[in-house]
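Undergrad: Now for the letters of each chain:
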Amino acid sequence: MNAWAFIRFYTILVYTFMFAPIIVVLILAFNASQFGGFPIEGFSLRWFGELFQNEAIMRAFRTSFILGLMTALVATTIGILAALALVRYQFRGKDWITTFLISPVLVPETVLAVGLLIFLRWLHMPRSFGLLLLGHSIIALPFVVLVVQARLVGIRREYEEAARSLGASPVQTFFAVTFPLLMPAIFAGALFAFTISFDNITATIFWRPSGMETVPTQIFGMLRHSVSPEINALGFVMICITVGVPLLAGGLARYFSRKKV
Amino acid sequence: MARVELKQITKSFGSFKAVHESDVLFEEGSFTTLLGPSGCGKTTILRMVSGLESPTSGDIMIGGKRINDVPIHKRNLGLVFQNYALFPHRTIAENIAFGLKYRGVSKADAAQKVKDALEIVRLPGVEDRYPSQLSGGQQQRIAMARAIVIEPDVLLLDEPLSALDANLREDMRVELKAIQHRIGVTSIFVTHDQSEALAMSDRIIVMSAGRIEQVGAPEEVYNNPASEFVANFLGASNIVAVDVKGRGADDVTLEVPHFGAVTLHANRAVNLGDAAKGKLVIRAEKLHLSDGAAPEGAVSTKGVVEAVDYQGQLARYFVRIGDVQFQAMNMIDGAPFAQGAEVSVVLNPDDCSVLANEA
Numbered sequence: 001m002n003a004w005a006f007i008r009f010y011t012i013l014v015y016t017f018m019f020a021p022i023i024v025v026l027i028l029a030f031n032a033s034q035f036g037g038f039p040i041e042g043f044s045l046r047w048f049g050e051l052f053q054n055e056a057i058m059r060a061f062r063t064s065f066i067l068g069l070m071t072a073l074v075a076t077t078i079g080i081l082a083a084l085a086l087v088r089y090q091f092r093g094k095d096w097i098t099t100f101l102i103s104p105v106l107v108p109e110t111v112l113a114v115g116l117l118i119f120l121r122w123l124h125m126p127r128s129f130g131l132l133l134l135g136h137s138i139i140a141l142p143f144v145v146l147v148v149q150a151r152l153v154g155i156r157r158e159y160e161e162a163a164r165s166l167g168a169s170p171v172q173t174f175f176a177v178t179f180p181l182l183m184p185a186i187f188a189g190a191l192f193a194f195t196i197s198f199d200n201i202t203a204t205i206f207w208r209p210s211g212m213e214t215v216p217t218q219i220f221g222m223l224r225h226s227v228s229p230e231i232n233a234l235g236f237v238m239i240c241i242t243v244g245v246p247l248l249a250g251g252l253a254r255y256f257s258r259k260k261v
Numbered sequence: 262m263a264r265v266e267l268k269q270i271t272k273s274f275g276s277f278k279a280v281h282e283s284d285v286l287f288e289e290g291s292f293t294t295l296l297g298p299s300g301c302g303k304t305t306i307l308r309m310v311s312g313l314e315s316p317t318s319g320d321i322m323i324g325g326k327r328i329n330d331v332p333i334h335k336r337n338l339g340l341v342f343q344n345y346a347l348f349p350h351r352t353i354a355e356n357i358a359f360g361l362k363y364r365g366v367s368k369a370d371a372a373q374k375v376k377d378a379l380e381i382v383r384l385p386g387v388e389d390r391y392p393s394q395l396s397g398g399q400q401q402r403i404a405m406a407r408a409i410v411i412e413p414d415v416l417l418l419d420e421p422l423s424a425l426d427a428n429l430r431e432d433m434r435v436e437l438k439a440i441q442h443r444i445g446v447t448s449i450f451v452t453h454d455q456s457e458a459l460a461m462s463d464r465i466i467v468m469s470a471g472r473i474e475q476v477g478a479p480e481e482v483y484n485n486p487a488s489e490f491v492a493n494f495l496g497a498s499n500i501v502a503v504d505v506k507g508r509g510a511d512d513v514t515l516e517v518p519h520f521g522a523v524t525l526h527a528n529r530a531v532n533l534g535d536a537a538k539g540k541l542v543i544r545a546e547k548l549h550l551s552d553g554a555a556p557e558g559a560v561s562t563k564g565v566v567e568a569v570d571y572q573g574q575l576a577r578y579f580v581r582i583g584d585v586q587f588q589a590m591n592m593i594d595g596a597p598f599a600q601g602a603e604v605s606v607v608l609n610p611d612d613c614s615v616l617a618n619e620a
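Sequence order for the protein chains is X and G.
The first sequence maps to residues 1 to 261 in my numbering.
The second sequence maps to residues 262 to 620 in my numbering.
For the record, the hints were derived by calculation from the structure and aren't laboratory data.
As the structure is a prediction and not an experimental result, all values here were calculated from the model.
For every residue, glycine included, the Cβ atom is placed at its ideal position computed from N, Cα and C.
Sample of chain G residues facing chain X (criterion: CB under 8 Å; computed from the structure): (1) Ile-333; (2) His-334; (3) Leu-338; (4) Phe-342; (5) Asn-344; (6) Ala-346; (7) Phe-348; (8) His-350; (9) Phe-359; (10) Arg-364.
Every beta carbon over 10 Å from chain G, so not counted as near; a handful from chain X, in silico: (11) Ala-150; (12) Ile-205; (13) Glu-213; (14) Ser-226.
Label-pair distances were calculated between CB atoms; the ranges are: (15) G:Asp-454 <-> X:Leu-84: 34 to 42 Å; (16) X:Leu-73 <-> G:Glu-380: 41 to 49 Å; (17) X:Leu-106 <-> G:Glu-288: 56 to 64 Å; (18) X:Ala-85 <-> G:Ser-299: 27 to 35 Å; (19) G:Pro-332 <-> X:Leu-123: 40 to 48 Å; (20) X:Leu-247 <-> G:Lys-362: 32 to 40 Å; (21) X:Leu-84 <-> G:Ser-273: 20 to 28 Å; (22) G:Pro-298 <-> X:Leu-247: 49 to 57 Å.
Could you put together the complete structure from these sequences and hints?
TA: The structure is reproduced here in structure tokens:
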């Protein structure tokens, strides 16, 4: 066996190891049997039906969805402003602020989660949806900043200077020129933020107020009792959302960019 | 339209002084070029007039009003950039109408003005296209249209031709000058290209290292450079140390090594003052080579062609005369001189000028 064949074999093994569990979940979601396992006893959408009947799961979905949207909104707004400051202006301590903004990616999530909790206790504030939103925004912010910053560097300053020379105030310039040119990055950043929030579990477990569940914590809670076929169906939906949304967005972005430029 | 005046203006970036104390006047309706190598401060001056930079000290006056503290979007200027800076997400019509929106022009009036502006830059009918669908030269015309449609007090052009290829650049400079002439707006043009400056300007301001070296009409700056820097920057020049032998009522006689005595008209020696030693500036294209003997009475000497830089209708020769190498740019008549050819070098005193010896 030559080296290349070995590498090919090894690569296939690695990918199988990575994707087999996911594929198992996807297949079992359609299994008719009560007990999740092979061999499959027949094709059924029964578990999806049960899923939509399950009040707790639907509530968790709504929570995750709203949390994801609001995280995207908050992280994107702050991210755009931060990126603008970092790229377009010179000020003292810029490198430090950049590192600081990016640091949530570098700090282990558990440390970040505990830290934020201790900070809130110190402020005598209870855990709440607001905390969850704040926390998720902190985790998502670095991605938004990095994406928007990268795009902003590529937008030549002359566009803004031209707009200003033609009579647009700084704010008008931002909305007429900078914002539309940044749009693809803003879109991508918001999407990142949404997905990061939507499937975050580690920090969410620390931060959620009692009684509130997001989809991942709901699955986690259900797993403690047994692996029910419902969870497979829920896993299927989660995978569709976290993979499908970015793919769809990427496709849309490419479609619009081709149409105009 | 307005005249622009800079009074004792300076600009520093940290400890680097980009512009030293300068007084500049841009006459109403004139086309003035700031010419110099990169880093000489010409762009900094343009950016200070536009409001993109604020001066460290000194005043900027437009139409007699001090505008140091007026932000750029209230200055009513037209700005044209080297890389066009057309908004890529907007159509040509939207690009040109951009400035009109902030001036409260109605939609119908704006459409008419856009049409007129496209007429002026001779590119009608492209309203609905996007910038990326136009060539570089066309994009620069649109950028011009966008800048002039707001009827600016001053038009600022920051190396607008440098991104175009050579042939197009020469067409565009004629075009640009014609547009400026038609609308008569005070224009400030920044370039490092001496031929653009000579071709387009009413007045040229030559700058070097943050200082103004010379101000004058193109012919004046070209024929009577005020310094060695100007002589070298505007075309190739030979600069020769000379002794002043005598001064007449309206002429000056110089002793030029190898060539002997040369008499210049006094108006070619305005920059000499009453120095005893000077520097003779001999333009490369004013030094003529011939293979026969020099004509009777001409100032000439013998030299050897050391290298030939063939350029088509022209050739640049490097000619050794004694221990000095001269450059001569001559039209090619028949075949160019070969390397190693012995030639007569003829100098026409009327084409030379002399500077005081600075050292």
